[in-house]
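Colleague: The chain contents come next:
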Amino acid sequence: MSDNRYTTLNLGPTHPATHGIFQNVLTLDGERIIDTEQTIGYIHRAFEKIAERRPYYQITTLTDRMNYCSSPINNIGWHMAVEKLLGVKTTKRIDYMRIILMELARITDHLICNSVIGVDSGALTGFIYVFQEREKVYEIYELLCGARLTTNVGRIGGFERDFSPEVITKIYEFLDHLPKVLRQFEKLLLRNRIFMDRTINVGPISAERAMNYGFTGPNLRAAGVDYDVRVTSPYSSYDDFDFAIPVGTQGDTYDRFCVRQEEVWQSLKLIRNALDNLPEGKYFADVPEFYLPPKEEVYNKMEALIWHFKIVMGEIGAPVGEIYHSVEAGNGELGFYLVSDGGRTPYRLHFRRPCFIYYQALPEMIRGGVLSDAILTMSSMNVIAGELDG
Amino acid sequence: MRRDKKNLDSKFLTGKLKTRFTEDIIAIDEHSDMLTAVVKKEAIHEVIRFLKENESLGFTFLTTLCGIHYPDQELQLGVIYHLHRFSDNSRIRIKTFLPLDNPSVPTVTDLFSAANWMERETYDFYGILFEGHPNLKRILNVEYLDYFPMRKEFPLEDPTRKDKDNRFFGR
Amino acid sequence: MKTASYNKVDPPEGFTSPGIFATTFDKVVGLARKNSIWPLPFATSCCGIEFMATMGAHYDLGRFGAERLSFSPRQADLLMVMGTIAKKMAPVVQQVYVQMAEPRWVIAVGACAASGGIFDTYSVLQGIDRIVPVDVYVPGCPPRPEQIIDGFMKIQELVGKESLRRRYSQEYKDLLESYGIR
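Chains as they are written, first to last, in the numbering used here: chain A, 1 to 390; chain B, 1 to 171; chain C, 1 to 182.
Honestly, the hints are just simulated from the structure, not real lab data. It is possible that some hints are incorrect.
Here are the simulated DSS-like pairs of lysine-lysine, each with C-alpha atoms no more than 27 Å apart in a straight line [unchecked claim]:
(1) A/49 to B/41
(2) A/84 to B/95
(3) B/152 to A/84
(4) B/95 to A/49
(5) B/152 to A/49
(6) A/84 to B/11
(7) A/49 to B/137
(8) B/164 to A/49
(9) B/164 to B/95
(10) B/162 to A/49
Beyond 12 Å from chain A on every Cβ pair, some chain B residues (computed) [as the list claims (entries may be wrong)]:
(11) 9
(12) 18
(13) 22
(14) 41
(15) 54
(16) 57
(17) 100
(18) 107
(19) 120
(20) 129
(21) 154
(22) 156
(23) 167
All C-beta atoms, glycine included, are put in the ideal place defined by N, C-alpha and C.
With the hints as extra help, turn the sequences into a complete structure.
Modeller: Below you can see the structure in the form of structure tokens.
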């Protein structure tokens with residue numbers, strides 16, 4: 001388009017408002033956006049190729065780094081995919097522990113996304129308050145697995161250690177403290193006239209177009225379709241719990257903000273329910289081929305020593321087969337398509353990354369709007385570069 | 001009860017697909033975790049359109065689209081589509097295999113806009129050409145990359161790297 | 001305000017007299033520069049989130065003078081590269097570095113920026129020191145905020161002790177020439 005009326009503006013790849021590195025070359029008529037050309041791949045780390053060369057338990061570290069704002073969901077999703085291939089049944093205790101962790105991770109992901117929508121519209125305070133809450137969740141993760149951000153939590157078949165009493169106390173404290181901060185955050189933004197003017201009718205998408213584009217997660221629910229993987233194909237005992245799925249009407253930025261905010265409240269309810277009713281039982285399932293035996297047994301029993309050797313030296317293969325398993329990650333349906341040929345590494349592992357799929361709808365969503373609306377739309381879609389490029 | 005419903009559905013689906021596309025379906029596998037059908041590449045667009053637009057089927061959501069490479073088979077490259085029906089949470093997997101010297105298959109971008117970038121990613125990784133795609137160029141790798149990295153013959157590591165000794169790094 | 005419970009930093013060596021403090025020029029300039037570094041957060045992936053935590057209220061990088069983040073390279077002193085740099089991104093990093101005005105420093109935060117990290121693949125640049133000269137490396141995946149602050153304090157040490165003529169020296173010019181930066 002070499003018409004002299006139109007300006008070409010390069011947004012990215014390094015830009016303070018694009019949270020992650022991806023490039024949008026905008027064609028503008030004054031301040032109205034005519035068209036966008038997107039370039040991604042600036043952080044392509046070849047996860048799918050790496051996964052063909054790593055044993056099953058080493059791939060967990062790769063899944064951490066996809067949507068790094070909510071790593072436990074990716075980790076646990078991957079473990080569940082391998083357990084589906086192996087045909088392993090986990091105990092109720094493991095399922096409830098997984099629910100608690102996944103919902104904690106979902107809370108942190110939505111908190112970042114919503115506070116960053118605030119930052120992009122000029123309200124920096126909410127971001128600072130919310131990051132304090134993330135620090136509390138980091139402390140819980142540290143007690144569980146030692147790491148703050150890229151957690152690598154859990155094992156194929158369960159967890160490496162049980163929830164200690166300190167963890168449970170900390171989670172209860174977090175559940176008691178977060179509602180106050182959330183209410184303050186909502187008072188700042190939710191019914192704020194300026195925020196509402198900036199976000200209502202900005203970047204809308206209809207439900208039909210959203211489904212055609214393969215949207216899932218809060219973006220799809222904001223458009224009006226109540227599809228949530230936790231409800232349609234329940235995994236990890238989610239069907240024991242009663243929680244609501246917030247759904248929007250127009251699919252604009254305000255709806256996405258509200259849907260995420262309400263999901264945080266629902267997650268808090270879920271965690272409290274799971275923690276109050278945490279059943280007794282073992283924290284690991286019976287998968288000797290993949291679950292490392294405890295060190296006391298390795299030093300004392302022959303069988304445990306042999307299993308330990310085989311697992312660490314990588315002589316154990318998974319059964320032949322192919323499965324597709326999906327979980328509800330912070331951004332939508334995170335799927336794992338795993339093809340195994342009996343070896344110690346997957347033959348093919350394809351990650352169905354929600355960000356990659358819905359980001360291609362951005363040109364349609366921002367066409368006709370102004371530049372500042374485009375920034376808000378991008379940040380409300382919660383594009384995480386690690387998941388986009390993979 | 002749920003198991004029976006799955007069997008009922010997969011028999012119904014298998015029946016409908018076989019009656020409509022008798023010679024184009026090479027295999028149907030009902031014992032995997034979801035109904036899997038292997039289809040000839042010429043018919044893939046019609047099969048997916050049939051699955052999407054037929055009222056009794058209605059698989060209106062394309063979950064994912066990926067490629068695969070089996071160097072030992074005669075038709076080495078493959079494209080795998082996962083479709084989903086929200087109303088009763090059924091999933092179906094369609095596979096099609098292509099020869100290495102002419103890996104081209106019709107695009108499904110006109111049915112699902114989600115396939116746009118997914119097909120570009122498959123082209124980027126495997127070199128599978130999608131006929132009719134609006135913008136088939138590399139999406140994740142650099143433009144000047146002259147090979148298709150996910151094919152099995154290429155290594156994971158950077159082949160031009162000089163400072164890592166392969167003997168110590170277990171390659 | 002109790003004075004006994006915090007460390008007082010000694011002033012630089014110099015001649016003191018009522019109303020007068022005389023010292024060498026480079027010590028004063030170093031002191032001023034090191035306590036007012038304006039970083040450019042080049043955050044690409046997970047280390048970027050840890051950087052956001054470092055800038056937050058809990059770990060507060062602003063105490064060290066880095067309160068004002070500059071996203072424009074023209075106004076930045078320190079290029080903090082945090083996260084994996086893919087080969088597609090490498091020219092962008094070099095372009096951003098070239099646009100910074102002297103004196104400029106580079107800190108590579110995280111294993112990916114320092115050496116490619118866990119991603120030994122065909123698409124990831126194995127360390128940004130292949131394209132820009134790096135002053136401090138902070139290992140970790142991701143490094144804890146305390147480690148990032150430690151790296152930042154090492155940069156402060158380097159900035160405080162740097163000679164005023166270093167950027168005009170032949171050695172520095174040869175260093176930039178070896179990276180192809182003119």
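Colleague: Would you mind marking each hint as holding or not holding in the structure?
Modeller: The hints, checked one at a time:
The hinted pair formed by residue 49 of chain A and residue 41 of chain B meets the criterion: a straight-line CA distance of about 25 Å does not exceed 27 Å. Annotation: proposed proximity of residue 84 of chain A to residue 95 of chain B holds, straight-line Cα distance about 21 Å (limit 27 Å). Note on residue 152 of chain B and residue 84 of chain A: the hinted pairing holds, with a Cα-Cα distance of about 26 Å set against a maximum of 27 Å. For the suggested pair residue 95 of chain B and residue 49 of chain A, the alpha carbons sit about 21 Å apart, so the restraint of at most 27 Å is met.
Straight-line distance between C-alpha atoms of residue 152 of chain B and residue 49 of chain A comes to about 9 Å, which keeps the hinted pair within the 27 Å bound. Under the criterion of a C-alpha separation no larger than 27 Å, the hint pairing residue 84 of chain A with residue 11 of chain B is consistent with the structure, at around 23 Å. The straight-line distance between the Cα atoms of residue 49 of chain A and residue 137 of chain B is roughly 20 Å, inside the 27 Å bound, and the hint therefore holds. Annotation: proposed proximity of residue 164 of chain B to residue 49 of chain A holds, straight-line Cα distance about 19 Å (limit 27 Å).
With a C-alpha separation of about 39 Å, the suggested pairing of residue 164 of chain B with residue 95 of chain B is violated against the 27 Å cut-off. Restraint check: the Cα-Cα separation between residue 162 of chain B and residue 49 of chain A comes to about 21 Å, which is no more than 27 Å; the hinted pair holds. Every CB of chain A lies more than 12 Å from the CB of residue 9 of chain B, the least distance being 14 Å, so the non-interface label holds. No beta-carbon of chain A comes within 12 Å of the beta-carbon of residue 18 of chain B; the shortest separation is about 22 Å.
Against the 12 Å criterion, residue 22 of chain B stays outside the reach of chain A, whose nearest CB is about 26 Å from its own CB. Non-interface status of residue 41 of chain B relative to chain A is upheld: no Cβ of that chain comes within 12 Å, the nearest being about 19 Å off. The claim that residue 54 of chain B is not at the interface with chain A holds, since no C-beta of that chain comes within 12 Å of its own (minimum 17 Å). In this structure residue 57 of chain B is separated from chain A by more than 12 Å, as the shortest Cβ-Cβ distance comes to about 16 Å.
With a cut of 12 Å on Cβ distances, residue 100 of chain B stays outside the contact zone with chain A, its closest approach being about 17 Å. Every beta carbon of chain A lies more than 12 Å from that of residue 107 of chain B, the smallest distance being close to 14 Å; the non-interface claim holds. With a least CB separation of 9 Å from chain A, residue 120 of chain B falls inside the 12 Å interface cut-off, contrary to its annotation. The Cβ of residue 129 of chain B lies farther than 12 Å from every Cβ of chain A, with a closest approach of about 19 Å, so its non-interface assignment holds.
A beta-carbon of chain A is positioned within 12 Å of the beta-carbon of residue 154 of chain B; the least distance is around 8 Å. In this structure residue 156 of chain B is not separated from chain A by more than 12 Å, as the shortest Cβ-Cβ distance comes to only about 5 Å. The beta carbon of residue 167 of chain B sits about 17 Å from the closest Cβ of chain A, which is more than 12 Å, so the claim that it is off the interface holds.
Hints 9, 19, 21 and 22 from the list above are not met by this structure, while the remaining hints are.
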